[in-house]
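Could you build all of it, start to finish, from the sequences and the hints given here?
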Amino acid sequence: MGMTMIEKILARKSGRASVSVGDIVDVEVDMTVLIDMQFANQWKRPNRIHDSEKLAVIMDHAVPAPTIRDAAGGSEARSFVADFGIERFYDVGRHGICHQVIAENGLARPGEVLACTDSHTCAAGAFNTAGRGLGPAEVYSIMCTGRTWFQIAPTIRYELQGVIAPSVSGKDIFLHIANTYGDAPNFNLEYGGSGLAGLPLHDRRTIATQGAEVSADFSTFEADGVLRDHLTSRGVTDYHAAQPDPDAIYSEVRPIDLNALEPYVARPGTVSRNGVPVSQIEHLTIDQAFIGSCANGQLEDLEIAAEVLRGKTVAPGVRLLVTPASQAVYREAMRLGYLQDIADSGAVVTNSTCGACFGYHMGVVGPGEVCLTSSTRNFTGRMGSSEAQIFMASPATVAASAIAGYITDPRSVTT
Amino acid sequence: MSVAFSGRVWVFGDSLDTDAMYPGFAIKMDPAEAAKHVFYEVRPGWTDEVRAGDIVVAGKNFGIGSSRPVSALFIELGVAGVVADEFNSLFFRNAINSGLPAMTLPGATSIFTDGDVGAFDLTDGTWRNETTGASGTVAKLPEMMLDIIASGGLMRRLVIQGYLPAD
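Quick note, the sequences are listed as chains A and B, same order. The first sequence begins at 318 in our numbering and counts up by one. The second sequence begins at 18 in our numbering and counts up by one.
Bear in mind the hints are in silico, worked out from the structure with no lab data behind them. As the structure is a prediction and not an experimental result, all values here were calculated from the model. The C-beta atom is built at its ideal place from N, Cα and C for all residues, glycine as well. Any given hint might turn out to be false.
[Stated by the list, open to error] 25 Å max Cα-Cα, derived DSS-like pairs, lysine-lysine:
(1) B:45 x A:361
(2) B:157 x B:77
(3) A:361 x B:53
[To be verified] Computed Cβ-Cβ distance ranges for the label pairs, DEER-style:
(4) A:359 x B:178: 15 to 21 Å
(5) B:131 x A:652: 55 to 61 Å
(6) B:124 x A:654: 54 to 60 Å
(7) B:142 x A:399: 44 to 50 Å
(8) A:569 x B:124: 22 to 28 Å
(9) A:704 x B:152: 40 to 46 Å
(10) B:169 x A:409: 33 to 39 Å
(11) B:130 x A:648: 54 to 60 Å
(12) A:359 x B:152: 34 to 40 Å
(13) A:410 x B:131: 47 to 53 Å
(14) A:569 x B:130: 33 to 39 Å
(15) A:362 x B:154: 39 to 45 Å
[What the hints assert, rightly or not] Selected chain A positions facing chain B (in silico; Cβ < 7 Å):
(16) 364
(17) 500
(18) 676
(19) 696
(20) 698
Laid out in structure tokens, this is it:
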């Protein structure tokens, strides 16, 4: 019987010839990533760990430390990696949002299993990796034992066809999917099709990352030439990508016509069946605009923002915050002049971290405010006050709206 | 925790996300203090009313969102178990892994209303609304998950296995 991509990976990693929906498998985890929050909250240092080579520690959510609790967590992280001989340590200065650092350093490899405490670990699916967020206790357990269990969920396949227009991005593809099909709890998502070849990796990463927002388990892309070329350039070799069998069994196959897509915006609360084409939304003035996060703080996102903002001015009354996803992105965006263009427009460029996305530091929104964000979640209270409204759109739409002062179609702003 | 639990139920709606139960600002607090903010916006004051042994019943897609250990806050509040029409799978794993019994019961939010007394047993999948008399059975949880709950969660198991110090 044929298997989907995720079934193939989990079968191989559990030493089984095949798996099917409902099976519970005990799998080997290839890479486990610990993040700063884990050290800052109820951390207990283990007596021993499974394999220091299969562990990475990334300072990401709260950098530089905004609280004494976070500062103490950082101290313990540094001490822990030194004592346990963990070489893959991305301390402040080499830091970034874990999914970005994972991508930059080839920690997510095709056909392998990656575990991390952050719920957006499904981001690794863009690399044909079985990644998903797991709770702190489970990540502890994997750090100690090198293994965990999964129950095989049914898979929904998205068959991408055509090519997106220049003003449309991975964010818009995701918002379209979330608006059209709604939540997918206890389902895996698989992306492939003839349109995949024309879809850049950064767009795939946005889509894979946001699988969490429709409540999916794994969110995995087929491995193709685009991915292989990227991995080669990063020195990632000797992997075994998982391709779906022609007779794989899906709960549903949903074709997505990329040619037909336009910029979308999700209304506050959820992305699920809660979106509208930007061209159709009512006049909505904004107080804060945010470009950043594991979904959209990539170099390409900053390039898009810089193109929209170059020579323009952020509207009076609007705060535009731009947070590169990693220190590497920050440095490259600086070298290429993107940060200059962005800052010259009146935006605030922050250090790289999760920042405003999770309402913890650097850009919390107040009661009654309207925020347009390109980050991951528009839940009530996510970015600060529960009385603020969070709309979600692509970096191009956020940048264009910051100039206009209200939510607007990026195609309305000439660059 | 016991894999069989009974008590007064509190009924909540669909798609309750983790920010509604463990908001970003509460991450800066110790668990006991953070627990006072569970459902702070959805049902203000609930954490003053919930008592040890109570049960949370929720609708579809319960717990969508972050990996924040919400179940630890429920345990802090004395919640004996969580029941939902449907769980987000990360949230469900977190519950099992922290030793908080969890049952998927389609239609749970129609079967129970606030203040009813419910009884649930994960070993055989039986449930009963003691107030209305309604009862039924769902698929039992795999032994492996029952074992994790019965041993008090993964952290306690890691202590027993010698991976973690026993405080």
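Here is how each hint holds up against the structure:
{"no.": "1", "hint": "B:45 x A:361", "in the structure": "18 Å, holds"}
{"no.": "2", "hint": "B:157 x B:77", "in the structure": "19 Å, holds"}
{"no.": "3", "hint": "A:361 x B:53", "in the structure": "24 Å, holds"}
{"no.": "4", "hint": "A:359 x B:178: 15 to 21 Å", "in the structure": "19 Å, holds"}
{"no.": "5", "hint": "B:131 x A:652: 55 to 61 Å", "in the structure": "59 Å, holds"}
{"no.": "6", "hint": "B:124 x A:654: 54 to 60 Å", "in the structure": "58 Å, holds"}
{"no.": "7", "hint": "B:142 x A:399: 44 to 50 Å", "in the structure": "48 Å, holds"}
{"no.": "8", "hint": "A:569 x B:124: 22 to 28 Å", "in the structure": "23 Å, holds"}
{"no.": "9", "hint": "A:704 x B:152: 40 to 46 Å", "in the structure": "42 Å, holds"}
{"no.": "10", "hint": "B:169 x A:409: 33 to 39 Å", "in the structure": "36 Å, holds"}
{"no.": "11", "hint": "B:130 x A:648: 54 to 60 Å", "in the structure": "57 Å, holds"}
{"no.": "12", "hint": "A:359 x B:152: 34 to 40 Å", "in the structure": "38 Å, holds"}
{"no.": "13", "hint": "A:410 x B:131: 47 to 53 Å", "in the structure": "52 Å, holds"}
{"no.": "14", "hint": "A:569 x B:130: 33 to 39 Å", "in the structure": "34 Å, holds"}
{"no.": "15", "hint": "A:362 x B:154: 39 to 45 Å", "in the structure": "43 Å, holds"}
{"no.": "16", "hint": "364", "in the structure": "6 Å, holds"}
{"no.": "17", "hint": "500", "in the structure": "5 Å, holds"}
{"no.": "18", "hint": "676", "in the structure": "4 Å, holds"}
{"no.": "19", "hint": "696", "in the structure": "4 Å, holds"}
{"no.": "20", "hint": "698", "in the structure": "5 Å, holds"}
Going through the hint list in order, the structure satisfies each hint without exception.
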